[in-house]
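From just these sequences and the hints, can you work out the full model?
When we follow our numbering, the leftmost residue of the sequence shown carries the number 1, and every step to the right adds one.
Because the hints were derived from the structure by calculation, they are not lab data. One or more of the hints may lead you astray.
Claimed, not checked - Cut-off 20 Å, straight-line C-alpha distance, at most; resulting in silico cross-link-like pairs (EDC-like, lysine to aspartate or glutamate):
| # | residue 1 | residue 2 |
| --- | --- | --- |
| 1 | Lys199 | Glu169 |
| 2 | Lys240 | Asp293 |
| 3 | Lys240 | Asp228 |
| 4 | Lys106 | Asp124 |
| 5 | Lys256 | Asp10 |
| 6 | Lys256 | Asp41 |
| 7 | Lys222 | Glu201 |
| 8 | Lys210 | Asp113 |
| 9 | Lys222 | Glu43 |
| 10 | Lys199 | Asp233 |
| 11 | Lys256 | Glu289 |
| 12 | Lys199 | Glu223 |
| 13 | Lys224 | Glu201 |
| 14 | Lys106 | Glu184 |
| 15 | Lys210 | Glu187 |
| 16 | Lys224 | Asp35 |
| 17 | Lys256 | Glu39 |
| 18 | Lys240 | Asp203 |
| 19 | Lys222 | Glu39 |
| 20 | Lys106 | Asp145 |
| 21 | Lys199 | Glu184 |
| 22 | Lys106 | Glu147 |
| 23 | Lys240 | Glu187 |
| 24 | Lys106 | Glu143 |
| 25 | Lys222 | Glu169 |
| 26 | Lys256 | Asp113 |
| 27 | Lys210 | Glu184 |
| 28 | Lys240 | Glu176 |
| 29 | Lys224 | Glu169 |
| 30 | Lys240 | Glu184 |
| 31 | Lys256 | Glu43 |
| 32 | Lys240 | Glu284 |
Said to hold, decoys possible - Label-pair restraints from in silico Cβ distances:
| # | residue 1 | residue 2 | range |
| --- | --- | --- | --- |
| 33 | Ala15 | Asn140 | 38 to 48 Å |
| 34 | Gly266 | Ser42 | 15 to 25 Å |
| 35 | Asp203 | Gly84 | 39 to 49 Å |
| 36 | Ser42 | Gly84 | 45 to 55 Å |
| 37 | Pro227 | His104 | 31 to 41 Å |
Even glycine gets a Cβ: it sits at the ideal position worked out from N, Cα and C.
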Amino acid sequence: MTFIRTVCGDIYPSALGVCYPHEHVLCSPPATVKDRDLEMDSEAAAIQELTWFHQAGGRALVELSPADYGRNAAGLVRVSQATGVHIVCVTGHHKAAFSSPWVHDKSIGELADRFTRDVTEGLDGTSIKAGAIKAASSLNVIELDEEKVFRAAAYAHRLTGAPLTTHTEAGTMGLEQIALLLAEGVEPRHITIGHVDRKLEWDYHVAMLKTGVTLSYDQISKEKYVPDSQRVDFIVRLVKAGFGQQIVLGGDLARKSYWPSYGTGGGPGLTYILWRFVPWLRSEGVREEAIQDLLVNNPARILTMG
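Below you can see the structure in the form of structure tokens.
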């Protein structure tokens, strides 16, 4: 039987619905010492934001905060139960700036054992199970500690079937991440490369897509990096080129100021993609079956285990 593993238990892939593949809901990373905007610690704000998301048609999201980024699995269960939004949480690690204290003195086998237990038994001393494994790289480099995480993630994937999802820094090192995971025996259909819309270079994206992986365009609404007009044009071009079944959409809204529910300003919130970005894609000729792939079918495929 195939399934998707959420914080509230396993569900059928057909039950997932509209899903964002890369978000942060409850987290308290070490960086909050310097930047409190990164500390997303209010369950009340999360419940409000995910309620609005649900009202807009959203049904699921993947929470990409591992332990080194202040994961709160128990809180995610409460938020999911209160809103009806499926939440998939992750094991694995973030880039070396966050993960090195957790990784540096561990072997690949030790890391893989922990990732495997997080998927099969429960994480953070709970029975809540991770439904995906995260690995990450730094700007223009995969550091040694990060390489260990990639290899351990691949090992744990082979044992559990849990999908792999990555962080690229500013969109760099995507091809290198893919090569590393493929060399470790991971099939491309189980790999999602994150933050690729920070580096909108056509040949680069096509090269990644031709390997068979899925690309996550998950910086939507962040005009400080790339205007959404460029994202729309790029995604429309990719869909027309036949890559529509290898693309997922998200916002990676990892700051309080991005969520209206925190009352800190006019952030885009989780409704932006459904209320603004998707209608924009439609206006540029993306058909409904392609929208269904981007929002529903592709996320369900990349998250499926078993």
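Against the structure, the hints come out as follows:
no.: 1; hint: Lys199 <-> Glu169; result: holds, 10 Å
no.: 2; hint: Lys240 <-> Asp293; result: holds, 13 Å
no.: 3; hint: Lys240 <-> Asp228; result: holds, 18 Å
no.: 4; hint: Lys106 <-> Asp124; result: holds, 18 Å
no.: 5; hint: Lys256 <-> Asp10; result: violated, 29 Å
no.: 6; hint: Lys256 <-> Asp41; result: holds, 9 Å
no.: 7; hint: Lys222 <-> Glu201; result: holds, 17 Å
no.: 8; hint: Lys210 <-> Asp113; result: violated, 32 Å
no.: 9; hint: Lys222 <-> Glu43; result: violated, 24 Å
no.: 10; hint: Lys199 <-> Asp233; result: holds, 14 Å
no.: 11; hint: Lys256 <-> Glu289; result: violated, 33 Å
no.: 12; hint: Lys199 <-> Glu223; result: holds, 13 Å
no.: 13; hint: Lys224 <-> Glu201; result: holds, 17 Å
no.: 14; hint: Lys106 <-> Glu184; result: holds, 19 Å
no.: 15; hint: Lys210 <-> Glu187; result: holds, 13 Å
no.: 16; hint: Lys224 <-> Asp35; result: holds, 18 Å
no.: 17; hint: Lys256 <-> Glu39; result: holds, 7 Å
no.: 18; hint: Lys240 <-> Asp203; result: holds, 15 Å
no.: 19; hint: Lys222 <-> Glu39; result: holds, 19 Å
no.: 20; hint: Lys106 <-> Asp145; result: holds, 9 Å
no.: 21; hint: Lys199 <-> Glu184; result: violated, 26 Å
no.: 22; hint: Lys106 <-> Glu147; result: holds, 12 Å
no.: 23; hint: Lys240 <-> Glu187; result: violated, 25 Å
no.: 24; hint: Lys106 <-> Glu143; result: holds, 15 Å
no.: 25; hint: Lys222 <-> Glu169; result: holds, 15 Å
no.: 26; hint: Lys256 <-> Asp113; result: violated, 34 Å
no.: 27; hint: Lys210 <-> Glu184; result: holds, 18 Å
no.: 28; hint: Lys240 <-> Glu176; result: violated, 26 Å
no.: 29; hint: Lys224 <-> Glu169; result: holds, 15 Å
no.: 30; hint: Lys240 <-> Glu184; result: violated, 32 Å
no.: 31; hint: Lys256 <-> Glu43; result: holds, 12 Å
no.: 32; hint: Lys240 <-> Glu284; result: holds, 11 Å
no.: 33; hint: Ala15 <-> Asn140: 38 to 48 Å; result: holds, 40 Å
no.: 34; hint: Gly266 <-> Ser42: 15 to 25 Å; result: holds, 18 Å
no.: 35; hint: Asp203 <-> Gly84: 39 to 49 Å; result: holds, 42 Å
no.: 36; hint: Ser42 <-> Gly84: 45 to 55 Å; result: violated, 19 Å
no.: 37; hint: Pro227 <-> His104: 31 to 41 Å; result: holds, 39 Å
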